[in-house]
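Novice: Residues per chain, in single letters:
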Amino acid sequence: MGENTKVKKLNKKDITKSMWIYYAGAELSNSYERLQSLVFCASMTPVLKKLYDTDEELSAALKRHLVFFNTEGIFGAIIQGIAISMEEQKANGENVTDEAITGIKTGLMGPLAGMGDAIVWAAIMPIIISIFLPFASNGSALGGIMPLILYPAITIAIAYWLIHNGYTLGKKSVVSLLHGGKMKSIIFTANVIGLTMMGALSASYVTISTPLKLGFSSGTQIVVQDILNTVAPGLLPLAAVFIIYFYLRKKGPYYNRILLTVVAVSVITSLLGIL
Amino acid sequence: MSVLMLAVCMGFYYWFCRLRFGYTFSSMLLQPVVIGVFVGLLTGNMPLAMKIGAGLQLVYLGVTSTPGGNVPSDPALAGCIAIPLGVMSNMTPEVAIALAIPFGVLGVFVDQLRRSTNAVWVHMADRYAEKADTRGILRAAFLYPAIAGLIIRFPIVFAIDFFGVSAVEKLITILPQWLMHSFELMGGILPALGFAITLSVIGKKSLIPFFITGFFAVMYLKLDTMAVAIFATCIALLLGLFQLKEEAI
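Taken in order, these protein sequences are the chains called W and R. Residues in the first sequence are numbered consecutively from 1, following the working numbering. Residues in the second sequence are numbered consecutively from 1001, following the working numbering.
Looking at chain R on its own, in the form it has when it is part of the complex:
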């Protein structure tokens, strides 16, 4: 697929996933692992797209679970730029992740712009309500924000993806060794942010021993994730059972 087509597709994808059409559906659509599937299908390089997606996902794992719907950092903008650029110029996942970080920050401002413009539609809806125009209210809730979103979001991703591929290819060849190594380090440390955020969102200090249990179950016992999920579920259910018994007595 040509860079032009790829940039167009990614621009539309970013618009659509950030449109937030379908509450939990869209919030999954804007996760890097899912963007990875889309980029993999477009470029034909599914393995690399998924590996970059997985790496980015770790950085942003906890971000979407922040209460209140405010976006503290935008995994979708980071993913829609870093995954296609990474695949097209054959980067290692670590370098692609480092590339993504600034765009994740940029995405916050884009979202503030969207929410500010959305205030216009609610005033419009006030007038429709006055006239008992239910179709007008549905338009104000769905159609107008969608059009505004296209104008705000499509150009950013399109332009960066379209012009970025050749620029990034040149950039990579001139990067010094110590900088490449620091990208690898970032790729290793940044997932800690995703886990720390999730940890703080779940919030209960008293439950931290479970985190440590999971950590050393992998370190010492070399369990894989599915095994940990199964054991954790059983332990949680058993603890719930004992708790209920105590209350009953």
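With the rest of the complex left out, here is chain W:
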């Protein structure tokens, strides 16, 4: 690196552009072989083109980012930010090895995927859908339009914040994110809201009741559903949710097997007149 070389500096726009490419294609080119490696490399292209002048350097950098990569696409933005800042240092002649860049990426993708799945997919998404679900059940288009606007808007804002934080703070940004109690309490808060909402929706939308009547020779009849209701309303729906829940916990995510079981149970109980 010559003494007179200009310092190569990326601006905010370059980094945001990189975020948009990753956001646009995080799942699009996902393959069984290297998962998100292709889109990660693609998202680095505007940055790398600006940083490296010769074809050899550019080619080496592109190959560096085609190695296996997979994480949650919103929280993954912070890894992008860090990788970009490392590439910038490398391009300016600092001693950043290929292994260091790949190491940071592969080291962070697991923990950030866990965090992203917990917040973006297990909390924000079901909460937004379920808040507007009553509109849909009443036949209003708002039940679909509002989630379609809010979910991307909120998650893109998070990705934007994370990539710029990752870029300016580098490795420090992740340390504060992973070890600060703040993230833990955000996940806790989201989980509490999510679970309470799921409970509320189960009460409204899972509808199971039995028409069974027990007849006695004296002529009196006992309506089974009335007895259940005096214990607590909604016992059958609650039981259905928890039977499936415990099955999932014990056996794993065999959704289709459960679907078919529900179909079979419905047909049989309908024939027998139990439900």
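All the pointers check out, no bait thrown in.
Calculated lysine to aspartate or glutamate pairs in the EDC-like style (CA-CA distance at most 20 angstroms, straight line): (1) 8/W <-> 55/W; (2) 50/W <-> 1133/R; (3) 171/W <-> 94/W; (4) 63/W <-> 1133/R; (5) 49/W <-> 1133/R; (6) 63/W <-> 1126/R; (7) 1131/R <-> 55/W; (8) 63/W <-> 99/W; (9) 49/W <-> 1130/R; (10) 6/W <-> 94/W; (11) 1131/R <-> 98/W; (12) 50/W <-> 14/W; (13) 1131/R <-> 53/W.
For the record, the hints were derived by calculation from the structure and aren't laboratory data. Just so it is clear, the structure is predicted and the values come from calculations on it, not from any experiment.
Since chain W is already given, all that's left is putting chain R on it; use the hints.
Specialist: Frame of chain W; chain R shown alone:
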């Protein structure tokens, strides 16, 4: 709108939402409530399209939140078939949901096909990287998977929607009463699957009392969803506050 046009539009919609263009945007696009809006606009019967969409949404509520990006069941294929067929033949939402289930399962195989073909593009990108061809890499990441997706996904939805409407109309008139009733039962039980999945994805057993709180807040106190959301947020924030205080002491 004619059945032909509807089938064409749904075929393209399925392709586009499953293209996964825009990470969280597309994942919302493939939810049944959003497909319901699209079908409502096309058919002019927004109320029924949304009601079927809402019912299907409950079944698949937790499915997309499964980690790892694997599709265990495809809400988009179920929605792109059951909602238009349901609206065109004026089904009750319960029957439409029962109709959707097999297609949700079929969608899994379609997605496996996509991910397998995607391996071709990453090898192509290896060669572009060798030549420092950044435009080539962008093409391999966006354009080629999109074209392959169109070939894989469009025909399935188009064919089933196009030929399905008249077949389904005939089918419904000959269904016996006990079978119709079992469809209603399915419509009532299947949402439990969606909630159970979400529950297991959130994962912490110790937090289940919050689920039960929400459940009985509706059963006994007859609160609506928005009210539960507001109270849950306040409770969560207050609990966080106490937790932090304990740590500080």
